[in-house]
Amino acid sequence: MKDLPAQPRDLDGNPVAPGLPMAMLAEITHRCPLSCPYCSNPVELTRAQAELPAEDWARVFREAADLGVLQVHISGGEPGARRDLAQIAESARAAGLYVNLITSGIGITRQRLEELDSKGVDHVQLSLQGIRPDMADRISGHPGSWDKKMGFAGWVTEIGFPLTINAVVHRQNMERLPDMIELAETLGARRIEVATVQFHGWADLNRKALMPTREQAAFARQVVNDARIRLRGRMVIDYVPADHHAVYPKACMGGWGSTGLNVAPDGSVLPCHAAGSIGWMRFENVRDRSLSDIWHLSEAFNAFRGTGWMTEPCRSCERKNMDFGGCRCQAMAIAGDARATDPVCSKSPLHAQVVARAEEDAGADTAELIYRRMKKGG
Amino acid sequence: MDPLIAPEDIPYLPRGVRLEDDRVRGIRVLQAPERAMQLDAIGDAILSELDGERSMAAIASDLATRYQAPEDQITGDIRDFLTGLIERRMVFVKSPPKET
Ligand code: SF4
Ligand code: SF4
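Chains as they are written, first to last, in UniProt numbering: chain A, 1 to 378; chain B, 1 to 100.
Chain A on its own, in the form it takes in the complex (with noise of 0.2 Å):
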């Protein structure tokens, strides 16, 4: 194994100044009953055999708190396809993390919710794949989903977790974006995220039967802003728009490697969940090092801190400390080169291509769906 450098340098060797991470992401497991197409999980899935042991997640836990992690989420996949997630629940929680779980509300029955609520957790996600059985079943690839859903979403409300729905928005179902969010409110929630598809991973192979038109995201942006003013004090509204409609990229993770970090599932450390599509990055494992180290020194971390690395149009741009150039990860996949401008930027030079693209995929004729699998045999 080579060693780590002495010193916090990004991919040219300019120095950079780490700070402290806020939140982690903790994908305990790749494994879901699901089969969602727009799953953010990587193309290529981790198997149950390589996932980290529930005690190898308490020491990582123990080591993100006293980084200055405050709060983790547990995700997947689906958490609960792991057994012993109540054990690693409570391992996060008794570091002394705020401890979110993400779910799809498939697989925990109302008795593992109680023990969940006993270990700690604070704050139930449940996604939502649509708002009534037949598109929830068809997105999700599960038939009888959504009752399940529908049920799990009772129990959270009666344990007393607090409760946020996960709504993912798309060509196939923006039209129902209000029912969505009363739908939130009737289940009780605080809070909706309403995020468009990402077309990372498993998305971007179905890009032209789930990329939403202009219209769609105008529409979507005015149901937002209605329903935030009628909603004031009684649910919180979070909503991703698509990025290629805006000028400007989004300040990807707050900035590469300055707020947060994802834990895979096989323990590989990852600035942000996408990062494995840059082909070339490699990436440490809490098996092999400290979190603390792995965050301060390893390679991945470093690459693209600060703003030494950056290309024209950003190196010369007043906007490179507030969006850090947009998503690596999306300038990887569009310009094939991981340290360009964010193609989404008006700036970038191929941004007529991507918008061109995507109006292009927003009017193709296909519904049908690539749902995520996993690879036989292997």
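A couple of the hints might just be wrong.
Looking from chain A toward chain B, a few residues come up when the C-beta cut is under 7 Å (computed) [said to hold, decoys possible]:
| hint | residue |
| --- | --- |
| 1 | GLN71 |
| 2 | ILE106 |
| 3 | GLY120 |
| 4 | ASP122 |
| 5 | THR186 |
| 6 | ARG190 |
| 7 | GLY233 |
| 8 | TYR239 |
Using C-beta positions, here's what the derived DEER-type ranges look like [said to hold, decoys possible]:
| hint | chain 1 | residue 1 | chain 2 | residue 2 | range |
| --- | --- | --- | --- | --- | --- |
| 9 | A | ASP56 | B | ASP72 | 51 to 59 Å |
| 10 | A | GLU359 | B | ASP72 | 55 to 63 Å |
| 11 | A | GLU114 | B | MET37 | 25 to 33 Å |
| 12 | A | ASP84 | B | ASP72 | 49 to 57 Å |
| 13 | A | ASP147 | B | ILE27 | 26 to 34 Å |
Worth flagging that the hints you see were computed from the coordinates, not collected in a lab.
All of these numbers come straight from a predicted model, not from anything done at the bench.
Just so you know, even glycine gets a beta-carbon here, dropped at the ideal spot from N, CA and C.
Given the coordinates of chain A, assemble chain B with the ligands onto it according to the supplied hints.
Chain B with the ligands in isolation, oriented as in the chain A frame:
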């Protein structure tokens, strides 16, 4: 900003919202779903008073005495601060118990 709390209302931290020390950074934080908010000394002082029993008016009057500040001003500050948190669902409000 239209206030979301009246003087006689009782503000409290609901389940899933915790006032805590951030031992690494040496600050106080309010932890809530998907959000950890850094608090200054005033915010911390206000939130530490929320016991689910006293009304906002009672809390304002206690803090006015303790910090020897005009009660009107303290009430206004608390109302604005809490309204911001109520909007984010980080503070809940209940009505005073009915007189019997
Ligand atoms: S997006 Fe769907 S398939 Fe992917 S982990 Fe979540 S629930 Fe499972
Ligand atoms: S050029 Fe770079 S820094 Fe400037 S707005 Fe675009 S992505 Fe952001």
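Hints and how they fare:
no.: 1; hint: GLN71; in the structure: holds (6 Å)
no.: 2; hint: ILE106; in the structure: violated (21 Å)
no.: 3; hint: GLY120; in the structure: violated (11 Å)
no.: 4; hint: ASP122; in the structure: holds (5 Å)
no.: 5; hint: THR186; in the structure: violated (16 Å)
no.: 6; hint: ARG190; in the structure: holds (4 Å)
no.: 7; hint: GLY233; in the structure: holds (5 Å)
no.: 8; hint: TYR239; in the structure: violated (14 Å)
no.: 9; hint: A:ASP56 - B:ASP72: 51 to 59 Å; in the structure: holds (56 Å)
no.: 10; hint: A:GLU359 - B:ASP72: 55 to 63 Å; in the structure: holds (57 Å)
no.: 11; hint: A:GLU114 - B:MET37: 25 to 33 Å; in the structure: holds (29 Å)
no.: 12; hint: A:ASP84 - B:ASP72: 49 to 57 Å; in the structure: holds (56 Å)
no.: 13; hint: A:ASP147 - B:ILE27: 26 to 34 Å; in the structure: violated (45 Å)
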